[in-house]
Amino acid sequence: MTSLEVLYAAIFASLILHMKIPYIEAALQFVQMCQMDRGGFGRMPVGLPDIESTYRALKVLKTCTN
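Numbering (the working numbering), first residue to last: 49 to 114.
Quick caveat, the hints were computed from the structure, so don't treat them as lab data.
Be a bit skeptical, because a hint or two may be false.
Stated by the list, open to error - Distance ranges between label pairs, derived from CB positions:
#1 85 x 65: 18 to 28 Å
#2 113 x 61: 29 to 39 Å
#3 88 x 66: 27 to 37 Å
#4 112 x 84: 16 to 26 Å
#5 64 x 85: 28 to 38 Å
#6 50 x 99: 30 to 40 Å
Just so it is clear, CB atoms sit at the ideal spot from N, CA and C, and this is done for glycine as well.
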């Protein structure tokens with residue numbers, strides 16, 4: 049299992065290198081699984097939400113859905 053930090057780094061490294069983001073649908077599904085009931089995001093699907101993970105998740109969602 050990966051974490052939100054690893055996913056965030058992989059997506060933005062791909063963008064910097066002008067590469068197609070691999071498995072983008074799976075990445076977005078993972079981010080959505082990290083969201084908790086009250087809106088925050090944890091670093092893993094069962095993790096507690098925190099501000100850093102929420103920022104990374106929202107940044108990934110915004111970048112990958114445009």
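Here's how the hints hold up against the structure:
Distance hint check for residue 85 and residue 65: the Cβ-Cβ separation is about 36 Å, which falls outside the suggested range of 18 to 28 Å. Residue 113 and residue 61 have their C-beta atoms about 19 Å apart, which leaves the hinted 29 to 39 Å range violated. Between residue 88 and residue 66 the CB atoms are about 32 Å apart, so this pair conforms to the stated range of 27 to 37 Å. Checked against the hint of 16 to 26 Å, the C-beta distance between residue 112 and residue 84 comes to roughly 20 Å, which is consistent with it.
Distance hint for residue 64 and residue 85: a CB-CB separation of about 34 Å, consistent with the stated range 28 to 38 Å. At roughly 20 Å, the beta carbons of residue 50 and residue 99 sit outside the given window of 30 to 40 Å.
Hint check: violations occur at hints 1, 2 and 6; the rest are consistent with the structure.
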